[in-house]
Amino acid sequence: MRPPSSGKKTEVSHSVGKCGVSDQACHGKCQSCGIDAKPFCAGVNEVSLLTGSHTDVEASKENRGACSLNNDRADALEEEANVSTARIGHVESADPGGSVGVEKEIFMAVNEESEGEQAGATLEDLFFFNGEEDDDSDWEPASRLVVNRWFCLNCTMPNVDKITYCMNCRELPGSVVDGYDVFKKQIAQTALLSADTGLLPVSTAIGFDERMLLHSELEVKPNPHPERPDRLRAIAASLAAAGIFPSKCALVPPREITKEELLMVHSPDHIESVEQTKNMLYSYFTSDTYANGHSACAAKLAAGLCADLASLIVSGRVRNGFALVRPPGHHAGVKQAMGFCLHNNAAVAALAAKRAGAKKVLIVDWDVHHGNGTQEIFDGDKTVLYISLHRHEDGNFYPGTGAAHEVGVLDGQGFSVNIPWSRGGVGDDDYIFAFQTVVLPIASEFAADITIISAGFDAARGDPLGCCDVTPTGYSWMTSLLAGSSNGRLLVILEGGYVPGFLNSRKI
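Everything in the sequence shown is counted per the UniProt record's numbering, starting at 1 for the first residue and increasing by one.
One should not assume that every hint holds.
What the hints assert, rightly or not - Below 25 Å or equal to it, Euclidean Cα-Cα: the simulated PhoX-like pairs (lysine-lysine) are:
#	residue 1	residue 2
1	K382	K335
2	K335	K278
3	K278	K221
4	K335	K259
5	K259	K162
6	K221	K248
In short, the hints are calculated from the structure, not lab data.
Could you put the whole structure together from the sequences, leaning on the hints where they help?
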């Protein structure tokens, strides 16, 4: 992982005049001229130094609530592989079966227990088997073995090649790809719902477009990025397997959000910086927020689908909706992209709902990270109530915002409600208690015309970044409770997180 930038402005060798790419947006490789471009992202990169940063594994080692490697999984890996890891090579390959494979060269030690697979290991230990060199002055290799490892497309966790299913989420290596193929074939059979079509005999609309899968990290790294196309494929496959899609849903025709709509949320410079990534082969807004030549289109499609779903729900064309979109949005603020997020989808949807006639909008954000961008956008707006439940740990968990005393400003004072967890490991009981004592009473008094859920699933049990313990049952309960707070008018927008958090909580 490239270390986070210090935030200081660096010299830029890339010429704007050569290909028209602004230095403001990102650093990476220009698609037009092939020159390495490393523009400055003002005041954003420093945030990733906090613990709990989306992909900063060094920071996560210091996290007081850091998640540990599951004992069962560690034991199984050690038993199945029957190896003791001392050093790891770096040959990377792609598995045509649908999983990302990494071939590792491993030296064997006689009668030596593996330290990297012990319970309590950090996320970095989990991926790299404790890459730090131990004192091996008295160590002699007895044999040499090449062990293939594959990364689960579903949850990103590494598995030894002998294991036929993911030891973390139980997913089979190729099941996500196979299930998504079924979903794709059914898209043509699904009814389309728009403002111009007649009423359909379904109550749920889904927003999806395959072009959002083209947004991906092109720079090759040892392990896959947590926010990647496979997340959408896995969820789509699950919807088809459960019989929810296409029989119980309608599809919303995709469209790219307009610049005029985005200007209601973001600054012109921010919009332009995202748009200019079209001219870059790949680029980074922060150390963990990537873009490629398709990312600007994907971000506009995601925002456009969210806006149209919100409008359809408020107008009564459909009762509820699920925005199966990426890139996510709740970290994207007025002026900056960060935390995997480019445009703020929830904010775009809230304003679209108001244009469609909603007087008041409730946004509930249960992503394990605070939605700093959404809070910033509506900080002074009393017509949008923002409630967030997230790990905070006195500001030491990414992104560092979301303390209980942050309640909004000016007219919006009292309309930002933060429920900050002081540690990891919180589960269903904690969330349900917070809902019953804080979220629902406030939501009931506010009486929103529509509820928007920023549905990050990184607080799910087993998520390697969130390290919390919310189960599918917990997510289903929270969804049901929120549906009652606005007469069932509910829009669920996918944010970040571990896929299985959604897979078994399919209730929309």
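Tell me the hint numbers this structure goes against, listed in increasing order.
Of the numbered hints given earlier, those the structure breaks are 5 and 6, listed in rising order.
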